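Visitor: Protein sequences appear in the order of chains A and B.
In this text, residue positions in the first sequence follow the working numbering: the first is 1, and each later residue adds one.
In this text, residue positions in the second sequence follow the working numbering: the first is 1, and each later residue adds one.
Hints are computed from structural coordinates only; laboratory data are not their basis.
Take these hints with a grain of salt, some might be off.
[To be verified] With the C-beta cut set under 10 Å, the calculated list includes, among others, these residues of chain A facing chain B: (1) G3; (2) Q6; (3) I12; (4) S33; (5) Y35; (6) P39; (7) G42; (8) L43; (9) F64; (10) N77; (11) L90; (12) C91; (13) Y101; (14) T102; (15) G104.
[Said to hold, decoys possible] What the simulated footprint calls covered on chain B by chain A, stretch by stretch (three residues with Cβ under 8 Å from a Cβ of chain A suffice, anywhere in the stretch; the number is not a length): (16) 38-49; (17) 101-113.
Bear in mind the structure is a predicted one, so any value in this text is a computation, not a measurement.
Using N, Cα and C, we set each Cβ at its ideal position, and we do this for glycine too.
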Amino acid sequence: KAGVTQTPRYLIKTRGQQVTLSCSPISGHRSVSWYQQTPGQGLQFLFEYFSETQRNKGNFPGRFSGRQFSNSRSEMNVSTLELGDSALYLCASSRGGGQLYTFGSGTRLTVV
Amino acid sequence: DQQVKQNSPSLSVQEGRISILNCDYTNSMFDYFLWYKKYPAEGPTFLISISSIKDKNEDGRFTVFLNKSAKHLSLHIVPSQPGDSAVYFCAASQGDYGQNFVFGPGTRLSVLP
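Just chain B, with the same shape it has in the complex (with noise of 0.2 Å):
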């Protein structure tokens, strides 16, 4: 049973143009969303996080919008570069003491030169 879902195993963008990368949940006790990006070889780097209280967090090219009724989130890069290409996991958690995030299966993105 899946409470994060990222439906989209891959994406390719072209270089220049928005990328954007869907998550569900079905957790309605989640309340912080957090996520991260991994390169091959390397752990999972934060990118960008979100509160419930706020629908909208910016971060200079990555953006992340929350809608908490239809239990979506998705995060938008642009413009889109070749070093975005990686495997991206969306996260969440119930409140912010403990530390067992649900992470979704991830979403790997190819922005194509």
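Extracted from the complex, chain A is given alone in its bound form (with noise of 0.2 Å):
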């Protein structure tokens, strides 16, 4: 069965713009997280989203953003981008109740 399809895998944006990244959950499942990975970091949690709400939210500006569409997809942007934005963004889907996630393979944000 498909995984957890993130696309673009590769991004390079200059300061000042926004982004939007996509992201495809497994068949079935009804929850995505994003998270930001930075080295030294680790995986910092962006926000979840189960049916079309967000449920939960992280510690990021308010110019992190997501949606969640009716066939469970997920877009994130960030607007305004900072090179401190620079990341890999993850973005993993659940069923929605239990603890095991699939994580995609990422999208890599570099912002010059």
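With the hints as a guide, bring the two chains together.
Guide: Below is the structure:
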């Protein structure tokens, strides 16, 4: 069965621009979470969506936003990009009540 | 303020020996813990979990130990294999509703042949 698909895999943007990342969860998974991974910081939770509603949110500024569509696909948007936003952005899906996440391969965002 | 800590950024072990990866947490409300393994250019993959009602969980070569009083857990890999070389993340959550796991910074394990 298809895994979690994230597009694009790589992205280079300029400071001040905005970016939208996409995540398609495993079929049947209704929960989608987003994480930011930077060297030395591990994986930091951004937000979680379940049935098109944001269920949990981490400690990131309002420039980071997301949404989920009726088919459970999710997008994450970062506006007014800063150099420090350069990171690997990982999406993970689960059925919603369980603990077993399946992660995508990530989108590596570089802000120059 | 890191709620989940992995104080060893890297660890090298000889093939066939035991690898022990450590994780400490500060939030006593955490009651579910997981270990994920991550290879370069791939997303993390689930390895093993443990809930706070247990102090040990075993799956093949992988065993996780939980010491609630010390707020400490460890992952033992026996015997270690070169394919185990990866970054290992410890993660913790409170309850099983809501998916905002808190991850540690990771430990890079290198298993030397």
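Visitor: Failing hints, ascending?
Guide: Numbers 3, 9, 10, in rising order.
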